[in-house]
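Peer 1: Build the full structure now, drawing on both the sequences and the hints.
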Amino acid sequence: MQRSIRARLASCIAVASMFSIGLSGCTGSGGGGGPASGNVIKIGSDLPVSGADASDGIPTQNGVQLAVKVANEQHMIPGFTIQADSLDDAVNGVHNPPQGQKNVQALASDPAVLGIVGPFNSNVAQAEIPTSNALGIALVAPSTTNPTLTKGPEALELRRSNPNEITFFRVCATDDVQGPVGADYAAKMLHLKRAYVVDDNETYGKGIADQWAARFIADGGTVVAHQHLTPGQTDFHALLTDAGAANPDVVFYGGTSATGGDQLRKQMAGSPLASVTMFGGDGIRNDEFLKIAGSMANQVYATVASVNAAKLPAAQAFLKEYQDTYHVPVGSYSAAGYVAAMVIIKAAGEAVKANGGKMPSRADVLDQIRKAPKFDTIIGSFSFDASGDPTSKIISIYEAKSDVWDFLTQVKFGT
Amino acid sequence: MFDFHTLAQQLINGVATGGMYALIALGYTMVYGIIELINFAHGDVYTLGSFFSLTILALLPIAGVTSGPLLVLIAIAVIILAALLCGITGVLIERLAYRRLRNAPRLAPLITAIGVSLILENIMQLWKGTSPVPFPQFLPNTEHSIGGVIFNDNEVLVVTVSVACMLLLNYFVYRTKLGKAMRATAQDRDAAQLMGININSTIAWTFFIGSALAGVAGFISGIYYGTTFFLNGYQAGLKAFTAAVLGGIGNITGAMLGGFVIGIVEALTAQFLGNQWTEVVVFSILILILVFRPSGLLGQHLAEKV
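Sequence order for the protein chains is A and B.
Residue 168 is where the first sequence starts when you use my numbering, and the numbers rise one by one after that.
Residue 15 is where the second sequence starts when you use my numbering, and the numbers rise one by one after that.
Calculated directly from the structure, the hints in this document are not laboratory data.
Warning: the hint list may mix true and false statements.
Below, computed lysine-lysine pairings styled on DSSO-like, alpha-carbon distance capped at 30 Å [claimed, not checked]: (1) A:K487 / A:K568; (2) A:K355 / A:K538; (3) A:K458 / B:K142; (4) B:K142 / A:K568; (5) A:K478 / A:K513; (6) A:K269 / B:K194; (7) A:K355 / A:K487; (8) A:K373 / A:K458; (9) A:K568 / A:K236.
Peer 2: Structure (structure tokens):
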């Protein structure tokens with residue numbers, strides 16, 4: 168009796184989890200179209216484009232595919248047709264590190280793929296960087312903000328196969344900037360004093376929550392508690408009762424909408440926290456948050472580790488083209504996705520030139536990305552430092568107004 | 015950081031979540047009691063209940079309704095319809111997937127149950143997609159305070175509905191002819207058949223009632239959480255299963271008790287140990303029970319299993 172229940176439960180859980188990983192795995196779709204005839208260079212992308220993450224992933228993927236379209240129209244790599252090969256790393260609607268790693272391997276198995284845009288999430292990057300490093304293929308992320316991906320002992324461990332070869336780059340700022348900028352805004356502009364900090368215990372969420380909390384304390388605020396969500400948590404009542412007893416004037420959430428940020432906000436309705444401000448990072452600044460939080464999507468502030476493209480003269484053509492092509496507003500990282508793809512395309516173009524018009528190797532492309540003195544892009548000029556981070560970092564701040572994220576201000580660092 | 019009001023509020027949270035776990039656990043325990051199958055598709059029937067409720071609500075003209083009694087009537091209608099649809103689903107599952115395997119080795123129906131669970135999950139994924147779906151908050155949710163302890167209408171609804179369902183079930187199992195037939199079938203299927211009980215229809219009714227209760231839980235979870243998601247049933251199902259094992263699988267009173275205990279343990283863990291430890295604590299209880307008292311808290315009354 169005892170044995171059989173235990174054995175059955177164990178086998179059930181094992182089989183069930185095996186299936187759930189296997190079933191909804193690969194849902195990749197080739198964008199860009201057309202048969203691979205002759206001189207084709209492919210730009211891979213790995214982003215979460217289904218489920219709750221889709222409202223982040225799809226606008227970013229649109230940016231990538233738009234870059235490919237524009238590059239073809241402008242013949243940016245003479246003699247070659249550029250195609251986008253876009254894969255999805257969301258499993259059951261949430262970004263999934265093992266799936267991302269598989270996607271990078273799948274993309275790298277196609278010799279025409281010279282570089283990959285992605286991933287979107289920092290924990291997915293942790294799974295992908297070792298593969299990209301071992302295979303020697305460029306991985307250019309639009310939005311992964313955790314600082315340890317590029318710097319420090321953790322980064323060295325991620326690129327253990329070839330420690331001196333940088334293959335992972337990003338075009339966004341990092342959380343050691345994003346967190347403090349958000350905390351400064353909360354403490355100095357909104358005059359908030361008591362923060363209840365919650366994170367989703369993922370690489371990104373915990374990282375930004377720690378950075379934000381440390382700066383909030385330095386700014387004279389108090390962190391009354393720091394709690395972590397469990398994966399897939401849907402019931403926040405007990406957590407919110409605890410929060411209510413601590414009497415905060417702001418709840419900081421480190422994490423994404425897909426890992427519970429939107430439902431956390433929604434369940435604040437009918438609790439003592441109904442009129443308390445919520446603050447978050449780029450993980451909640453998406454349409455999914457507005458959709459789920461509904462009437463509670465007010466008095467919510469979020470930072471984004473990239474520039475607001477609408478404010479840049481150089482980005483106006485991009486914004487118009489995006490609107491004409493997709494008929495939807497841009498996401499937080501649409502411009503960043505476009506720029507990440509352009510970085511690979513421009514490097515590939517240079518590599519083709521250096522190779523006498525012939526197909527370059529991935530190492531040539533990587534070399535071009537590393538040594539480029541400057542990339543002039545729609546979100547400004549920057550190059551990559553020795554560890555793959557952009558030399559220019561901009562944080563923009565938004566406020567939720569029921570069905571739209573209102574731009575408030577932005578702060579620039581670096582050159 | 016002990017204070018009475020917080021503790022009381024956490025107990026309310028625990029009873030509310032526990033009520034839902036108990037409703038789901040009843041389905042596990044009744045099915046186990048009668049055919050000794052752990053129906054792992056049961057958690058997905060619970061999710062299906064919230065999806066059915068969504069569809070029914072979309073068909074009803076609820077937008078302009080503000081009158082209290084009418085809203086209560088709508089809620090009751092949705093609960094009954096969702097329960098009916100889930101009950102029918104449960105009967106279909108039993109008829110199509112489990113009946114043929116009734117005399118097969120135990121592993122066969124168990125694996126079938128996992129298969130059914132995956133089928134249901136994939137149907138729901140195709141139906142509503144892989145994102146959480148907002149659940150219409152059509153009932154007013156005002157806060158009340160008794161002696162400084164704050165609770166809201168949703169919590170009252172969840173507790174009232176789940177307790178009412180349990181009372182109904184208790185009446186049904188112990189006071190009606192069909193309930194007696196169920197208890198008889200659970201005790202000894204062959205003897206019951208010899209006494210003229212129609213085994214097939216009794217088992218079908220067991221599935222109907224268990225699944226209907228899961229459907230009710232599905233509706234109140236939508237109201238309580240404000241969203242639903244095609245995979246919600248996986249985790250809720252595991253916790254309800256833990257509740258059923260804790261109470262003594264096969265024992266109806268045990269399942270109710272287990273549900274409330276698990277809900278309260280979760281809430282108190284979130285309060286006193288930290289939110290991240292809730293699942294660790296719940297599943298540690300499952301392991302400890304399986305190791306040290308596999309018959310559960312109330313498991314000694316095996317003769318009463320249904």
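Peer 1: Hint by hint, note whether the structure agrees.
Peer 2: Evaluation of the provided hints:
1. A:K487 / A:K568: Distance of about 24 Å is within 30 Å: holds.
2. A:K355 / A:K538: The hint is violated at about 40 Å.
3. A:K458 / B:K142: At roughly 15 Å apart (the allowed maximum being 30 Å), K142 of chain B and K458 of chain A satisfy the hint.
4. B:K142 / A:K568: Holds. K142 of chain B to K568 of chain A sits at ~26 Å (cutoff 30 Å).
5. A:K478 / A:K513: Cα-Cα ~24 Å, so holds.
6. A:K269 / B:K194: 55 Å, violated
7. A:K355 / A:K487: 36 Å, violated
8. A:K373 / A:K458: The given pair, whose Cα atoms are some 24 Å apart, holds under the 30 Å limit.
9. A:K568 / A:K236: Distance ~34 Å between K568 of chain A and K236 of chain A Cα, so the pair is violated.
Hints 2, 6, 7 and 9 from the list above are not met by this structure, while the remaining hints are.
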